[in-house]
Each structure stands twice: as structure tokens, then as C-alpha cells.
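Trainee: Listed below, chain by chain, are the residues.
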Amino acid sequence: MESLRQILSPNFLLRNSVYTSVLIGFACPLVGVFLVLRRLIFMGVALPQISSTGVAAALSLPLWLGLDLSGHDSQITHVLAFAGSIMFTLIAILALAFLERRGRGQPEGRLGTAYVVAAALSILLLSKNRYAELGWLDLMKGEIITVSNFDLALTAIALAVVLVVLGLFHKELMLVSFDRTLAVTLRKNVVFWDALTYLLIGFTVSMAVLSVGPLISFGFLLVPTLTAHLFARTMRQFTVFASLIGGVASFIGFWIAYQWDLPVGPTDAVLLGILYGLGFVVKTIAPLRGSSSPDQTTPDGRSQTG
Amino acid sequence: MKTNAHPAFSHPLPSDGRGTNEPIITFDDLAIGYDGRAVLSGISVAISRSSFTAILGANGSGKSTLLKTLLGLQPPVAGQIEINVPLNAPLIFGYVPQTTELDPLYPLTGFDVALMGTYGRVGPWRFPPHNEREFVHDCLRATAADGFAQQKFSRLSGGQKQRILIARALATRPDVLVLDEPTAGVDAAAARALLEFISQIHAERKLTILLVTHDLSLVRQHAQQIIWLHQGRILHGTVAELFTPERMAEIFEMEVG
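Taken in order, these protein sequences are the chains called A and B.
Quick note on numbering: the working numbering labels position 4 of the first sequence as 4, and the sequence is numbered without any gaps.
Quick note on numbering: the working numbering labels position 137 of the second sequence as 137, and the sequence is numbered without any gaps.
Since the hints were made in silico from the structure, they are not lab data.
A virtual CB, placed ideally from N, CA and C, is assigned to each residue, including glycine.
The hints are all genuine.
Below, simulated BS3-like cross-link-like pairs (lysine-lysine); rule was C-alpha separation at most 27 Å, straight line: (1) K188/A with K68/B; (2) K68/B with K171/A; (3) K206/B with K68/B; (4) K171/A with K188/A.
Derived, one-sided and incomplete: chain A residues facing chain B with beta-carbon distance under 7 Å: (5) L37; (6) L168; (7) F169; (8) E172; (9) L175; (10) F178; (11) T181; (12) L182; (13) V184; (14) T185; (15) L186; (16) R233; (17) T234; (18) M235; (19) F238.
Model the full structure from these sequences, guided by the hints.
Mentor: Have a look at this one:
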């Protein structure tokens, strides 16, 4: 308990890392809800990888331009990484969404290819850049030990914007996701609302990748959402449960990592996996009271009832 | 099966005294298809106001394409669709999709689904106000769906889902109720009950109804007009005109051929 008391102390040396981790934990599932409901789980895997490729490209840029940033403030590196991450993520998500709308080819094939190419491209980009490779490897491992006040403020502002937009337009985003034909007949601009959904997802993924790396971003985007889906009966429950699971798991994960000197990101991911497994077991062996039958609708398959 | 009349549902006829034979939708030499290639052309049909029209045809005959074109989901290849509503107001479609088109993954209650019908009147960053929510409850009562509206939509039976979706369509305050294969996936008894129910809504509220189906026997007792899409041809007429032994023989001969 001593370690918990230390973490909760306002003078805790790594408090910015705790705050960032918890912010990402709360925010990622909010957009992960749309990835799961639109059956775009593979996009949740591919996007963080593409985002980290953007970081790799941005960190390689000074080398290509013959600039030496090694002696400069880390804020410049961070801004550069953010620009690369968000540019790659938004271009990728809009391109993938466009192809999804056209309905040609196999979506899984496209996303799998995007994932593999992005991962390979990252390695190629950094193979000649020792300075950038070190920064990128920290990111890949989910090292969130050193978070400056600037980084924390940037993350908090960005995620607050996402939260506000989601809250204001939840009705429209949900309508276009659930029944686009109805949305068209109600004269909603479905292209605009689709684009906004993807922009929110891309923006959140970029922020999360910069803060906790691609692996953990994927974990926070999808695993709390899938866990919440096991128990939620309404959209409000679904969104709130997912966000709470993500936020609380990120805090407990940080505590465990601090207690046993483990890397924070992987600890979070394993913890989320355990929670999902436990949730699945509980749902399977003890259906919720009042349910006449267990809900057999899963993100992997269609409902067996109705 | 009774519907509960509600003043909000009353469907005003045009103030200029136009009767129910006045066309509300006119397909004018319409060609429909995908990517500029017509799958069906030369469609010139008028849908009368307050009529009950069934669009019949086998799979692949172009029923869904015609519906998508009418709803604005895809542009016509040629020709046009004329809309005749008072004061040039936009025509409001109350669309009832096939239940299989809606993903059961969404944790929505029946009420949540029906509430979406009001979203055309409730702008962005606003929650549906109390009067709209009350109106949705009225629609659910009118379709006898209020008893299961708080249950998860994905767990309802096919017939129950259809009632929720019809309530949602009524919640749009529609000029035209468009139903896409409403009896698909519903057992025979429930399908008959559903058609009677739709017929009753039509009679009580004087709504224009467009119903897409491939089930000839179900609609012949209810529909006034038939649009029959068959092998690139359009047959159009009243039930009495089309369902004569001679015409039926001609149609089925075409089917066999």
C-alpha cells in the first residue's frame, strides 16, 4: 500500500505519467466504441501502427534535411512526432474509410496489408537513424516514464476536445453508424458525419500513440470496449463502462508496474486482457439477472436471437 | 390487432383540395442502375397520394435499386423522380428497413431505435426534448410496441422488431411510409398479422404506403396498386387489373420463360 500512497501523492515524481496514462485509459475506449460497433477492430490494430510509422518518418525528417536536433529541446521533437503521427493517421483512416465505403475488395486484407507495410516501413525508416530509433523504441515499448508538463497539457487538451465533440454530436454519430439509410432519408450529411467520426478516431489514436505507444493504444482502444460490451444493455452503459474500465485499468496497471518495477504499457495491456477474460467467464457461467438468455451477439458474429 | 389513433398522426391532405388520386411521386422515364449502367429503364409510374402500392418482383429484379433511387441513396441513371408536395416542402420518407440490415451488435433498446425517427427535427448538439420523447411513446403505443420497447432491440423477434421500426418511421412524421420486405424472416402467421396492421395504419392515417416484397399472395388483399418488376419490364396497375387469369398466365409464362 505504500506504493499506492506514493502514486497518489501530489509530489509523486512520475505524477504526469500517471495522469497521462489514466487520461488515455479513459479516452481511448470512447472512440473505440465506434470501431467495435462499426466492426472495424482490425482498423484499431492497423491505425496505431500507421501512426507510429508517422512518428518514425517525422523523427527521420531532420536527418533527411541535414539538420541536427540532438541538442534541442524535447518539445520540438514532440511536436514533430505529433505532426507525423496525426498526418499519417488521418491520411490512412480517410483512405481506408473511402475504400470501405466503396465496398470493393476485402477490408481485412487491406487493413492487414496496411499493418504489415507500416511496421516494415517504420523499421526501414529508422534503420539508418540511430537517434530516431532510440526514441521510437521507447515508444514501441510503451515507456511512459518521462512525461513533461507540456506533453500532459497537450494530451489533456486534445482529449478534452474529443470528449466535447463526442458529447455534442453523439446522436448524429450514432445514427450514421447504426442506420445510414435512415440518416439519408432524414437529410443528414452522412459523408460529413462519417468524416468527423474518423477524424475523432484518428486524432485520439495519434495522441495515444505519442503518449503510450501503438501496442498499448490498441489495447485501450478495443479491450475495455469489448469487455464493456459483454455486460452493457444500453449505449450509455456501454460507453461509460468502457471508459471506466480503461481508466481504472490504466491506474491499477501503473500501480502494479511501479510496485514490481515493470514497464507500464505492457502491464496495462496484460491487465486489460485478464479483465476481458474474467468478464467473458463471468458472462458465460453467470448470465446477468433478468436476462432470459445470454446475449449471443458478439463483435465477431451476428445475433443468434431475434 | 388494433392501432391507437393519435391526433399527431393525422395526415393533412393538401389545403388546395387535391384529392387522393393526385400523384405524390412520379417516375418520369426513369432508368435505375449502378455506375451509369441501367438495370431497369423506361419506368414511368405515378404513385397516388394516400395509396397503398406494392412493388413486386423476384430477387435481382431491381426492387431494391428502385427503392434506393427513390430514397436518394443513389442517383438515377436517366429520367427523374418528380415529387408533388404542398409549398415545395421536402418529402419525408418513413423508411422501414429489413431487420437484417441493422447490426445486432449495437446495445440499443427498442425505444432508442424508435427515438432515431425524431432526429430529423432535432438538430446537432441537442437532445430530443420531452415532447418528442412523448411522441415516440405515442408511436410505440400506436404500433403496439410499447410493451417491449425497453428491451434490447437485438433480442426482439422479427415481428417485434418490425413494429419498433414502423414506430420509428411514424416518428419521422412521414409523407410516405416505405417498407422494404417487412415480412422477411417473419413466420407466416406473423407476416399476415403485420400486413393487416400496415393496412390498418394506411386506412386510419391516410398515409401513402410503398411496400417492397416478393410475396404476391400476401399483398394482393391489401395493396391498391401494384408495380411488378420483371426481367427488365414494368407492369403497373391496380390489383383488379393485374390479377386477372390472363395477366397472371402472361406473367408466369414470362417467369418460366
